[in-house]
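**Student:** What follows is each chain in one-letter form.
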Amino acid sequence: MKSYRKELLFNTKNRRKLINITPKIEKCLAESGIKEGLLLCNAMHITASVFINDDESGLHNDFENWLEKLAPEKPYSQYRHNGFEDNADAHLKRTIMGREVVVAITNGILDFGPWEQIFYGEFDGKRSKRVLVKIIGE
Amino acid sequence: MKSYRKELLFNTKNRRKLINITPKIEKCLAESGIKEGLLLCNAMHITASVFINDDESGLHNDFENWLEKLAPEKPYSQYRHNGFEDNADAHLKRTIMGREVVVAITNGILDFGPWEQIFYGEFDGKRSKRVLVKIIGE
Amino acid sequence: MKSYRKELLFNTKNRRKLINITPKIEKCLAESGIKEGLLLCNAMHITASVFINDDESGLHNDFENWLEKLAPEKPYSQYRHNGFEDNADAHLKRTIMGREVVVAITNGILDFGPWEQIFYGEFDGKRSKRVLVKIIGE
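Residue numbers (the working numbering), protein chains in the order written: chain A, 35 to 172; chain B, 35 to 172; chain C, 35 to 172.
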């Protein structure tokens with residue numbers, strides 16, 4: 035069994051941002067030399083997400099509006115977590131979007147359907163944060 | 035390490051449908067010959083879901099009503115994604131229900147609790163769509 | 035390839051409870067002797083969750099209020115599942131929080147970011163329930 039590990043770094047200008055990280059993950063997979071196995075990609079921070087969906091700007095706008103409806107940022111005082119912090123909404127938004135994805139590796143590539151793309155979802159940015167890529171297989 | 039891969043095909047008559055795919059997954063596992071490892075099962079389309087819950091028709095009705103409340107299909111115009119398409123709600127519903135499940139394989143069977151069943155959740159059907167089953171282990 | 039399996043047991047006094055199980059998972063990992071691989075931890079019951087977030091009591095209070103808003107326990111009659119049971123809301127809450135986490139194992143430890151902790155989320159307690167830990171690797 036081979037294993038591979040890499041950290042990806044992000045520091046977004048805005049509080050919230052969705053970033054297509056599929057090319058970075060494909061580069062990791064190529065570096066690993068693994069042809070058959072499983073790839074785990076997860077946010078290492080609990081106010082961010084890694085998820086799979088469509089790379090379409092209208093949809094990303096819908097995600098923003100929808101998450102703000104389900105777990106609004108403001109007023110900050112609505113959340114007990116927001117004593118010294120203001121990011122309770124980011125913990126909830128990341129819960130909806132998910133922490134991690136597991137992707138099959140087949141013949142050395144991400145075994146994806148036609149529109150699957152991997153995204154980093156930042157919900158409390160403006161600081162340095164990390165994503166973990168771990169691959170096991172042969 | 036052994037690995038196994040199979041695609042399952044679905045084409046539902048209705049826009050939304052929940053289908054118990056546990057027997058199909060068990061058949062894949064038997065075909066694989068793998069006794070110890072991990073099984074990944076994921077929707078290959080971004081308007082569908084694979085999830086684990088109860089095979090109880092009342093609950094499935096509750097899921098339908100609940101998802102329609104959290105991410106209503108209509109009016110289509112409420113979503114920016116719905117320019118040439120009408121399925122933004124399906125992207126959101128699938129986000130709630132999840133893309134994938136990872137299941138432990140122990141002694142050649144799905145290592146499940148008493149009521150765990152695997153479902154395909156279709157949220158934009160009436161066309162051919164795929165689910166991936168990948169198993170790694172020994 | 036090595037594999038390891040363990041069940042953890044929970045029986046909460048209250049209907050809903052969040053429990054930090056990171057120390058128990060670390061003990062499993064040490065027992066397994068696995069240094070590189072993947073760890074799956076999942077609820078074996080469909081009204082409970084395993085998820086990763088912050089060990090902060092204010093946030094846990096926010097989760098309780100938020101989940102009650104998204105999927106209220108009462109009135110029981112609002113759910114079709116609640117014929118002989120009263121736990122439909124627990125199925126929905128667990129769907130939001132997720133069934134499972136997959137964690138990278140690197141150098142024999144949980145490969146976590148600074149604040150990641152694993153929680154058992156009970157949404158229909160007062161009875162004996164199980165969590166599965168499965169680790170594969172070398």
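FYI, nobody ran anything at the bench for these hints, they're computed from the structure.
C-beta atoms are modelled at their ideal positions from N, C-alpha and C, and glycine is treated no differently.
Some hints could be false.
[Said to hold, decoys possible] Pairwise CB distance ranges (calculated): (1) C:Ser111 x B:Pro106: 34 to 44 angstroms; (2) A:Pro106 x C:Pro109: 39 to 49 angstroms; (3) C:Pro106 x B:Asn54: 52 to 62 angstroms; (4) B:Pro109 x C:Gly67: 52 to 62 angstroms.
[Said to hold, decoys possible] Residues from chain B shown here face chain A by an in silico Cβ test under 8 angstroms; the list is partial: (5) Leu42; (6) Leu43; (7) Asn45; (8) Arg49; (9) Leu72; (10) Pro106; (11) Pro109; (12) Ser111; (13) His115; (14) Gly117; (15) Pro148; (16) Arg164.
[What the hints assert, rightly or not] With a straight-line Cα cutoff of 27 angstroms, these simulated DSS-like cross-link-like pairs (lysine-lysine) come out: (17) A:Lys61 x C:Lys69; (18) A:Lys69 x B:Lys163; (19) C:Lys103 x C:Lys36; (20) C:Lys69 x A:Lys103.
**Student:** Have a go at the Leu42 (chain B) hint: is there a Cβ in chain A nearer than 8 angstroms to its own Cβ?
**Tutor:** violated (12 angstroms)
**Student:** Should the interface hint for Arg49 (chain B) be scored as holding, given a Cβ-Cβ cut-off of 8 angstroms against chain A?
**Tutor:** Arg49 (chain B) check fails; min Cβ-Cβ to chain A is 18 angstroms, beyond 8 angstroms.
**Student:** Are His115 (chain B) and chain A close enough, Cβ to Cβ, to be under 8 angstroms, as the hint says?
**Tutor:** holds (4 angstroms)
**Student:** Quick check on Pro106 (chain B) please, does its C-beta sit within 8 angstroms of some C-beta on chain A?
**Tutor:** Because about 11 angstroms separates Pro106 (chain B) from the closest Cβ in chain A, which is outside the 8 angstroms limit, the hint is violated.
**Student:** When you check the alpha-carbon spacing of Lys61 (chain A) and Lys69 (chain C), does it fall within 27 angstroms?
**Tutor:** Holds, at about 24 angstroms.
**Student:** Assess, step by step, whether the Cα of Lys69 (chain A) is no farther than 27 angstroms from the Cα of Lys163 (chain B), and give holds or violated.
**Tutor:** OK: Lys69 (chain A) and Lys163 (chain B) at ~25 angstroms, within 27 angstroms.
**Student:** For the range 52 to 62 angstroms, tell me whether the beta carbons of Pro106 (chain C) and Asn54 (chain B) fit it or not.
**Tutor:** violated (27 angstroms)
**Student:** Have a go at the Ser111 (chain B) hint: is there a Cβ in chain A nearer than 8 angstroms to its own Cβ?
**Tutor:** violated (12 angstroms)
**Student:** For the range 39 to 49 angstroms, tell me whether the beta carbons of Pro106 (chain A) and Pro109 (chain C) fit it or not.
**Tutor:** Check failed, 25 angstroms falls outside 39 to 49 angstroms.
**Student:** When the nearest CB of chain A is found for Leu43 (chain B), is that gap smaller than 8 angstroms?
**Tutor:** violated (12 angstroms)
**Student:** Holds or violated: is there a CB of chain A closer than 8 angstroms to the CB of Pro109 (chain B)?
**Tutor:** Violated, about 13 angstroms.
**Student:** Against chain A, with CB atoms and a cut of 8 angstroms, does the hint on Pro148 (chain B) hold up?
**Tutor:** violated (25 angstroms)
The earlier numbered hints that this structure contradicts are 1, 2, 3, 5, 6, 7, 8, 10, 11, 12, 15, 19, 20.
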